[in-house]
Structure formats: structure tokens, C-alpha cells
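Undergrad: Residues per chain, in single letters:
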Amino acid sequence: MEVLHNLAFGFEHALTLQNLMFCAIGCTVGTLVGLLPGLGPLATISLLLPLTYSLPTGGALIMLSGIYYGAQYGDSVSAITMKIPHASSIVACIDGYQMTLNGKTGLALFTAGISSFVGGTVAIVVLSFLAPTLGEVAFLFGPADYCALMLLGFVCVSFVTTGSLLNGMAMCLIGVLLGQIGTDVTSGMQRFTMDMVFLSDGVGLVSIALGCFGIAEITKNLDNRNERTPFNGKIKLMPTWAEFKRIIPSALRGSVVGSFLGILPGGGPVIAQFAAYAVDKRFSKYKHEMGSGAIEGVAGQAAADEAAARTSFIPLMSIGIPENAVMALMMAAFIIKGIQPGPNMIAGHPDLFWGLVASMWVGNCFLLILNVPLVRYWLSVFKIPYSVLFPSILFFCCIGTYSVNNNLDDIFITAVFGFTGYMFMRLDLDAAPLLLGFILGPMLEENFRRALLLSRGQFTAFFTRPISGTLLGLIGIFIVWQVAAFSLQARNKTAHS
Amino acid sequence: MNDRNLVRGLFLVAISLAFGLESLRYPIGQFSRPGPGLFPLLVSCLLLLIGLITLVRSRFGERAHISFNLKNIALVLLSLCGFALISEHLNMIAGIVFMVFCSSFAGTSYSVVRNLKVSAGLIAVAFAFQKLLGLNLPLY
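Residue numbers (this note's numbering), protein chains in the order written: chain A, 7 to 503; chain B, 46 to 185.
Bound conformation, chain A alone (with noise of 0.2 angstroms):
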């Protein structure tokens, strides 16, 4: 009941007309911004940032927070259309993409929309019940069960690869080195640099992402000569009753998911929308059409990425700890407004705490509001010829990468990956997984070597802790069943022929 009360306070301060307005701003915004192919959530907020210097500590945390989310929706919009992802929105580019090619963009970007929706209004419920008390699961897991998380998420590499899953695993193992070029976090060594200083901060994310999937498609596109028939037809925009029953389930699976990883520092949006791909390839009624354009590969990972996008504010509120570069820049915009996150924020501030989770969801309304009619303007992308698309989407690419770090030398690292990803799609290999292994490498490796320092080199330490143990146990089950699934499959294929 306690509960019920907060969340009627923080409604209570969330629906001032003043606030409304912040939130309805920032979404606005943010989704503007974020449809622009190569503009992610990190760049808009941190574009964005000084707009809220003179407004209201309240007005401006909920405006911040409602541009976090239009970023990641209008972002998913460009992986959608065009398979310009950002690292919130990878995912989206597997089946997303395949449903614009099959002609149903309405209908993915109506999914996604809506996916959002629960995804984000799951992660509040999870969000105002237990964010007071969640913070501290975080505070159980040592490296050696970091570790072991790290493994279960390399797991997911077998659902989201769409070709063979040796393949796969070899994307991710390259994934996994290319996460090493840069300065060693813990000797400072710089490794695989070449002597270039500006490798030494390692290789982005976004060039990676921009090169393999922007470039590599554009150019995969001119080598076939398919200009893109101009669309003109109807748009189909709302699902059928029977479309609309596959959303459901598969955007809640998506959102359970995603509510979990968001609260681990660490996990966030990015992690979150791999596994929740993973867990519908397994678990959906349809798996069988999953990578080909399947609603639910759409549904359960953009509600996976919205719910993690707000669960990965428990860690940042409640124990004062950002879990990932957005949250950080967030921190920054708490610190500048003179708040300490920390144990001290719910009880200390508790109209900013309960105001920012019940206008996160009244910023979902707002998205919803704003996207589902809007869908038709963002479809007129397609209206565009490709000869003049095709200029533009480099130039965005260009851009995005550039602003990232304000440095031109980003954009030759995009054109090596843009190189490398055309390889990869000859070659292929599939450049989901890479990216996989790209977020979760470094983090593995630091978690790794911290947990072998504490045990003094004893691989024992990752079976006996409970957390670990039990993760290494899932994942050897996982192993076993795949393995004789395989074998199964095998014997069936040979009884038949």
C-alpha cells in the first residue's frame, strides 16, 4: 500500500502542467534527434544536456529522461527503415529489418511502439515495488558471478546468429579482440594499438555498429542495383487481432527480461535486447521464423531495451552507482543540479524520486501518442529515391560517428569496419554476434583476471560460489540440451533421406 501511496505522490508531481510539459518536450525532442540515422541515446542526451541548465531541478531530470527514451524509440526507427542501428537498437536490425524488406514497416515500427509501451510500464511496476531494496543484489556479485553472467550472455550468441552457429561463435571471438585494442583497464598497458594514439581509448562502439551495419548495407544494396521501388501503396499500420496476440506475449517475456539486466551494472538496454532475442528464439511459438522477419523478434527486444532503460536507474538511484555511459551522463546532470544520487536520494528527495518514476511513465503515453500517428512520416524515407538516400545516410553516418567524440579520425575507424563488414556479409558471417562479444569482452576479461587475482589462480572459485556455480551450471545444461537437440536433428534428417 505504502507503494500505492508513493507512486499517487509522485503522480502527483509528475501531472503539474509545468512537468508535462518538460516530459513532453523531451520526448519530442529526443525522438527527433534520435531519428536521425547515427545519433544515439548518448549523443542526444549529451547534445541535449545544456538545455535543461536553467530549468527547475524536477522539470529538468524528467525532460532528460523523456529525451533518454524518444533517443532510444526514434533510434530503433532508423534500424527499422534503413538498418542504421545504434547500440540500443542492434538487435532491431535482425527482424526489424527483414519485415521492412517484406514490405510491413507499418507494422514493425506499430510493434515496436507498443512493445515499448509494456516494456516500460513492467520496468515501472518493478521499478517503484522494489528499487529500494533491488539496488543491493547488485552489491552480491563478485567478479567470479560477473564472470559466469558474462559466459550465460556469450550463450546468447547461439539465438542470434542467423547462420551457422560456428560461425557465430567465431564473430563473437572476434567481437571479444577487437573489445581488447586499447589501454589495459588493469596494468595500462596499451594493447593492440599499433602506436596510434587515437586507438589508445580503444575502438566505439558506434563506429563498429555504423560501419558493419550502415556502410556494409549501403553498399551490399549498390552491388545488387536494387534501387528501392519508391513506396506509394497503403501503409498498413495497425496489426490484425492475430498479429496483435503474438505482440503481447513475447513483449512481456521481452520485459521481464529486460526489467533483470537493467538493474545489473553492466547489463542495460544493449545486453538486455540480445537476451530477450535469445529467450524468444527458444520459448516463441513461432521461433521457427525468427531472423525473417518475425513480430515477435521485434516486440520482445524493444521491450526488453525500454524496461532495462529504466530498471538501470535502480542502480544509479539507489546506491549511487551509473551502470553504463548514459546513466553517467544522468549522474552528471544530478550532480550539476546539486543531488547526490545515492542511498540517501529516495529518502532525501522523495517528490524527485516518485515524480521521475510516474513521469517515466506518462513519457511512455507520450510516445505512444506521438509515434503511432507519426508512423506514416517517418515511412516517407522510402519516398526518397536511392541515388539521393544513399549520399545522406554516409553523411549521417559521418556524423554520427564524429559526434561521439568531436574527432574526424573516428570516421576512418567506421570505414575500415565499413570494409570489414562488407567482408563479413561476402564472407557470410553474420555482424550481430561481433557486437556481442564486442560489449561483453572487456568485461569478461576484467572480471576474469580480478576474480583469478582474488583466487590466487584457483579455477575452483568459479564453481564454488553459489551465484557463479549455479550461472556455470545453467550454462552446462544449456550446452548439453543444444548439443543433443543437435544430435536428434541429425539422426531425424538421416532416418528421412
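A few of these clues could be false.
Which stretches of chain A does chain B cover? Using the computed rule of at least three CB atoms under 8 angstroms from a CB of chain B, they are [unchecked claim]:
id, region
1, 215–225
2, 374–380
Distance ranges between label pairs, derived from CB positions [to be verified]:
id, chain 1, residue 1, chain 2, residue 2, range
3, A, Phe465, B, Ala59, 27 to 35 angstroms
4, B, Leu69, A, Phe469, 26 to 34 angstroms
5, B, Glu133, A, Val394, 25 to 33 angstroms
6, B, Glu107, A, Phe469, 38 to 46 angstroms
7, B, Lys162, A, Leu146, 53 to 61 angstroms
8, A, Ser206, B, His110, 36 to 44 angstroms
9, B, Asn114, A, Val394, 15 to 23 angstroms
Below are the DSS-like pairs computed for lysine-lysine, each with C-alpha atoms no more than 27 angstroms apart in a straight line [unchecked claim]:
id, chain 1, residue 1, chain 2, residue 2
10, A, Lys251, A, Lys293
11, B, Lys116, A, Lys226
12, B, Lys116, B, Lys162
13, A, Lys251, A, Lys291
14, B, Lys176, B, Lys162
15, B, Lys162, A, Lys389
16, B, Lys176, A, Lys226
17, A, Lys343, B, Lys116
18, A, Lys226, A, Lys389
Derived by calculation from the structure, the hints in this document are not laboratory data. All figures in this text were calculated on a predicted structure; none of them were measured in a lab. Glycine is no exception: its CB is placed at the ideal position from the N, C-alpha and C atoms.
Assemble chain B onto chain A, guided by the hints.
TA: Then chain B, alone, in the frame of chain A:
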């Protein structure tokens, strides 16, 4: 060399060797005190293994044709690098014009007037980015 599986295997082996041999130059340490070279070495060994499996399998499986159209990817990369270089040494407006004119050689048709229009549009967008969003673009 016109076999996709063979090329893929060679490609994977090459990447694993590039990273693996390089990681040997860093201190490996022991398991109780892992050095910076240990983890990349382990990962590249795994990748090498997968590469070798791919190579072996390509000897038995069917050959798949592989096609490269180097012209388009070269043009796209040239326009990206040209954009970065020109923006760095001259200014970004010239960079945008170069990128549009260079990349559209890869398209199906080439029209100077259309390129001028696209460039003008993109320059306007860049100005909007700079003035409205406060992006730090070296436009002129």
C-alpha cells in the same frame, strides 16, 4: 580461391594469428597474476581452432561461389576518408560536396544537378545541427 568456405577459414585464421602473435608480445603472467597478454591469447587460440575447423570442413563440403564488387565499396570508403581528410584540413562544406560527388559514382545514374541539390540539402542540415543542436562541426 573462388570458394567462400575456404576464404572464410583463411580469413578467421588470419585474424586469430594477427591478434594471437601480437598478444605474445605482452606479458602473459600466470593464472594467479594474469598479465595483459593472457586473455587475448586464450581468445585467439579459440578463434584459431574455429578457423581450422572451417578450413577442414571446406575441403569436404560443397564449394560456394564468392563474388566481390570492389568498385562500390572502394568508392564508398574513398568518399568517407575523403570527407574526413577534407574536413580536417579544409572545411566540412567542401567535405560534404566531395562525399556526395564521389559516392554517387557508385549509384545507377549520375547527375551533376542532382548532386548539387543533395549537397546543398546536406549542408543545410549540417548548419541546422551546428546552430540548433550545438554540434561542434568545423563547417567553415
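Undergrad: Hint by hint, say whether it matches the structure.
TA: To see whether the hints hold, each was checked on the structure:
1. 215–225: It holds: at least three residues are needed, and the region 215–225 of chain A offers 3 whose Cβ sits within less than 8 angstroms of chain B.
2. 374–380: With 0 residues closer than 8 angstroms to chain B, the region 374–380 of chain A misses the three-residue bar; violated.
3. A/Phe465 - B/Ala59: 27 to 35 angstroms: 31 angstroms, holds
4. B/Leu69 - A/Phe469: 26 to 34 angstroms: At roughly 30 angstroms between Cβ atoms, A/Phe469 and B/Leu69 fall inside 26 to 34 angstroms, so the hint holds.
5. B/Glu133 - A/Val394: 25 to 33 angstroms: Because 26 angstroms falls inside the window, the suggested range holds.
6. B/Glu107 - A/Phe469: 38 to 46 angstroms: Once the Cβ atoms are compared, 43 angstroms apart, the range 38 to 46 angstroms for A/Phe469 and B/Glu107 holds.
7. B/Lys162 - A/Leu146: 53 to 61 angstroms: 60 angstroms, holds
8. A/Ser206 - B/His110: 36 to 44 angstroms: Holds, at about 41 angstroms.
9. B/Asn114 - A/Val394: 15 to 23 angstroms: 22 angstroms, holds
10. A/Lys251 - A/Lys293: Cα-Cα ~15 angstroms, so holds.
11. B/Lys116 - A/Lys226: Roughly 12 angstroms separates the two Cα atoms, so the pair holds.
12. B/Lys116 - B/Lys162: Holds: B/Lys116 and B/Lys162 sit about 25 angstroms apart, inside 27 angstroms.
13. A/Lys251 - A/Lys291: Distance of about 11 angstroms is within 27 angstroms: holds.
14. B/Lys176 - B/Lys162: Roughly 21 angstroms between the alpha carbons, so the hint for B/Lys176 and B/Lys162 holds.
15. B/Lys162 - A/Lys389: 17 angstroms, holds
16. B/Lys176 - A/Lys226: Violated, at roughly 34 angstroms.
17. A/Lys343 - B/Lys116: 53 angstroms, violated
18. A/Lys226 - A/Lys389: 20 angstroms, holds
Hints 2, 16, 17 from the earlier list are contradicted by this structure; the remaining hints agree with it.
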